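With chain B fixed as given, assemble chain A onto it according to the hints.
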Amino acid sequence: MMYSKEELFLAISNVIDPEVGFNLVEMGLIYDASCDDDGNAHVTMTLSTKACPMHQLIQQWVKEAVQKMANIKEVEIELVWEPEWNVTMADEHVKKALGGG
Amino acid sequence: MFSVSQDFAPPFKLISPFFILGSLFYLFATIFLFFFSTENISLLDTKVLSFVHIFLLGFIMMTIFGAMAQLVPVVLEVGHFGVELFYAIWPLLGIGTVLMAAGFLSSAALLPYGGVIVLIAMMIFVMEIFLTIKKVEKFNLVMSSILISNIFLFFGIIFGLVMALGYAGTIDVDINSLLRSHVFLVVGGYIIITLMGLSVVLLPMFGLSHGFSKKPLEIAMIIMSLAVLSVVSSSFIDYLFLEYLGYFLASLSLIIYFYLIFTIYKTRARKEIDIYAMSLIFAYFSMLISLILGISYLVVGYEPLLLSAGWLIFFGFFGFAVTGHVYKIVPFLVWFERFSPLVGKQKVPMLADMVPPKSSQAQFLFAALGVSIVAVAILLQDDTLIKAGASFLVVGAIAFLRSVLYMINYK
Numbered sequence: 001m002m003y004s005k006e007e008l009f010l011a012i013s014n015v016i017d018p019e020v021g022f023n024l025v026e027m028g029l030i031y032d033a034s035c036d037d038d039g040n041a042h043v044t045m046t047l048s049t050k051a052c053p054m055h056q057l058i059q060q061w062v063k064e065a066v067q068k069m070a071n072i073k074e075v076e077i078e079l080v081w082e083p084e085w086n087v088t089m090a091d092e093h094v095k096k097a098l099g100g101g
Numbered sequence: 001m002f003s004v005s006q007d008f009a010p011p012f013k014l015i016s017p018f019f020i021l022g023s024l025f026y027l028f029a030t031i032f033l034f035f036f037s038t039e040n041i042s043l044l045d046t047k048v049l050s051f052v053h054i055f056l057l058g059f060i061m062m063t064i065f066g067a068m069a070q071l072v073p074v075v076l077e078v079g080h081f082g083v084e085l086f087y088a089i090w091p092l093l094g095i096g097t098v099l100m101a102a103g104f105l106s107s108a109a110l111l112p113y114g115g116v117i118v119l120i121a122m123m124i125f126v127m128e129i130f131l132t133i134k135k136v137e138k139f140n141l142v143m144s145s146i147l148i149s150n151i152f153l154f155f156g157i158i159f160g161l162v163m164a165l166g167y168a169g170t171i172d173v174d175i176n177s178l179l180r181s182h183v184f185l186v187v188g189g190y191i192i193i194t195l196m197g198l199s200v201v202l203l204p205m206f207g208l209s210h211g212f213s214k215k216p217l218e219i220a221m222i223i224m225s226l227a228v229l230s231v232v233s234s235s236f237i238d239y240l241f242l243e244y245l246g247y248f249l250a251s252l253s254l255i256i257y258f259y260l261i262f263t264i265y266k267t268r269a270r271k272e273i274d275i276y277a278m279s280l281i282f283a284y285f286s287m288l289i290s291l292i293l294g295i296s297y298l299v300v301g302y303e304p305l306l307l308s309a310g311w312l313i314f315f316g317f318f319g320f321a322v323t324g325h326v327y328k329i330v331p332f333l334v335w336f337e338r339f340s341p342l343v344g345k346q347k348v349p350m351l352a353d354m355v356p357p358k359s360s361q362a363q364f365l366f367a368a369l370g371v372s373i374v375a376v377a378i379l380l381q382d383d384t385l386i387k388a389g390a391s392f393l394v395v396g397a398i399a400f401l402r403s404v405l406y407m408i409n410y411k
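Line order of the protein sequences matches chains B and A. With my numbering applied, the first sequence corresponds to residues 1 to 101, in that order. With my numbering applied, the second sequence corresponds to residues 1 to 411, in that order.
Next comes chain B alone, as it looks inside the complex (with noise of 0.2 Å):
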């Protein structure tokens, strides 16, 4: 593997979502990241919300931010909508941030 899935998701929090103000590695919406021997890249990820008008420049972020580090080829961004997101899968500060605390 030419990188982690822990490098990669570092590489990913670059990506900030405008709405809420917080990354998306922080927001829980990043499931999971690997990248073979080759450099092809492989991100799974989800939205808050179906409906989210963002969604495509948000996957280009990704894409951008992936595409960013060295020796990457291909980056493929799989979007899926299960498990669904809620908030128990953002960070612990997102989730007292969010919930006023």
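Careful, some of the hints might be misleading.
[Stated by the list, open to error] Just the calculated beta-carbon pair ranges, DEER-fashion: (1) Asn140/A x Asp36/B: 32 to 42 Å; (2) Lys50/B x Glu84/A: 19 to 29 Å; (3) Lys347/A x Lys96/B: 18 to 28 Å.
[As the list claims (entries may be wrong)] Under 7 Å between C-beta atoms, here's a sample of chain B residues computed to sit facing chain A: (4) Ala51; (5) Trp61; (6) Gly99.
[Said to hold, decoys possible] Pairs of lysine to aspartate or glutamate, DMTMM-like flavour, derived with a Cα cap of 20 Å: (7) Lys95/B x Glu137/A; (8) Lys96/B x Glu272/A; (9) Lys214/A x Glu82/B; (10) Lys271/A x Asp17/B; (11) Lys215/A x Glu84/B; (12) Lys96/B x Glu39/A; (13) Lys73/B x Asp38/B; (14) Lys50/B x Asp274/A; (15) Lys271/A x Asp91/B; (16) Lys358/A x Glu243/A; (17) Lys50/B x Asp238/A; (18) Lys345/A x Glu64/B.
These are computed hints drawn from the structure, not numbers from a lab. Keep in mind it's a predicted model, so treat the numbers as computed, not measured. Just so it is clear, CB atoms sit at the ideal spot from N, CA and C, and this is done for glycine as well.
Chain A in isolation, oriented as in the chain B frame:
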């Protein structure tokens, strides 16, 4: 590289006139209030009709149509049939509204002209929506709400035109019985069902609500549709039961809808009470109080109760539901056009940064006070209080116009 289409965010220059004109008409409507006294506030007074059309056509419908240019693809999950048609809608709707308002005030002969121009604008809108819906392969509840509400709008504007011809003396019709149908088709059938459908998409999207049931929406929509059909039937069949059945069903539908909104509110992850949440809370409580006043009117028959209920539905519920969403929709469209290409290249603002805090808070505060004061003034039949409420509303409307222009020009 992904190709990001404009399907989900039409060009802002296409939509911005709807919001600018809408907020100007809102301001005109609030200024209009200074010319009311308790003696001329009645459902058939020409000043009231002029005012209602400025508010509903010029502000509510204008803003909803602009918002729909962006929201329809989001809700229907397909691109517009011909989003460029929206370039024709706002000038026609604007001119038609001015002519209708002038027609009611001074020259009834203007009404058919205004009515026809409004009819053309709305037909373009409805047909564009129908042709967009045709592209949908699998229908869900929200898509059905868009279809149903636009069918009601189609018939509502036909009734409206017939009434305009009646007012001008071109044809002889019973305006009073048609008025009920026109109001129910447009207000209950279009505006309320549209708000119902959109609210299960937009409120959870902004509040991050999950795990609530959409069943109440289905029930509320069916009951509201039956209410509209009941009232429309009562215009043709002289049977009082049908009319009152319609009022009862409409009230029941709104109670169920309020319950749905409450469940969405309770299941939200985002607890922050921003200008959007504040506006929506005020809107839904206005709806609830209006409902109580409306039901009280049916029991005791005191007309100011009905007028105050109508005021709260229009300026409280519709007004704040619309202004609240403007604070979400306009920043998104401006951000999408101006800042999304810069993501990853330079620091870009968050959407919330684009909402002016002072003028949005001022708008909320002054408009909420104004709406509440006028509601009480109508109940007490107090002219001085109406003027006091109007003063607050004018300041609120100026602050709203300022907020809209600030967001549109954000750089």
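Here is what the structure says about each hint:
1. Asn140/A x Asp36/B: 32 to 42 Å: 38 Å, holds
2. Lys50/B x Glu84/A: 19 to 29 Å: For glutamate 84/A against lysine 50/B, whose Cβ atoms are near 27 Å apart, the range 19 to 29 Å holds.
3. Lys347/A x Lys96/B: 18 to 28 Å: 25 Å, holds
4. Ala51: 5 Å, holds
5. Trp61: 6 Å, holds
6. Gly99: Cβ of glycine 99/B sits 5 Å from chain A, so the hint holds.
7. Lys95/B x Glu137/A: 37 Å, violated
8. Lys96/B x Glu272/A: 11 Å, holds
9. Lys214/A x Glu82/B: 19 Å, holds
10. Lys271/A x Asp17/B: 17 Å, holds
11. Lys215/A x Glu84/B: 19 Å, holds
12. Lys96/B x Glu39/A: Roughly 54 Å separates the two Cα atoms, so the pair is violated.
13. Lys73/B x Asp38/B: Roughly 7 Å separates the two Cα atoms, so the pair holds.
14. Lys50/B x Asp274/A: Measuring from Cα to Cα gives roughly 23 Å; hence the hint is violated.
15. Lys271/A x Asp91/B: Since the Cα atoms of lysine 271/A and aspartate 91/B sit roughly 16 Å apart, the hinted pair holds (cutoff 20 Å).
16. Lys358/A x Glu243/A: Status violated; Cα separation ~46 Å.
17. Lys50/B x Asp238/A: Distance of about 47 Å is beyond 20 Å: violated.
18. Lys345/A x Glu64/B: 11 Å, holds
The structure fails hints 7, 12, 14, 16 and 17 (numbered hints given earlier, in ascending order).
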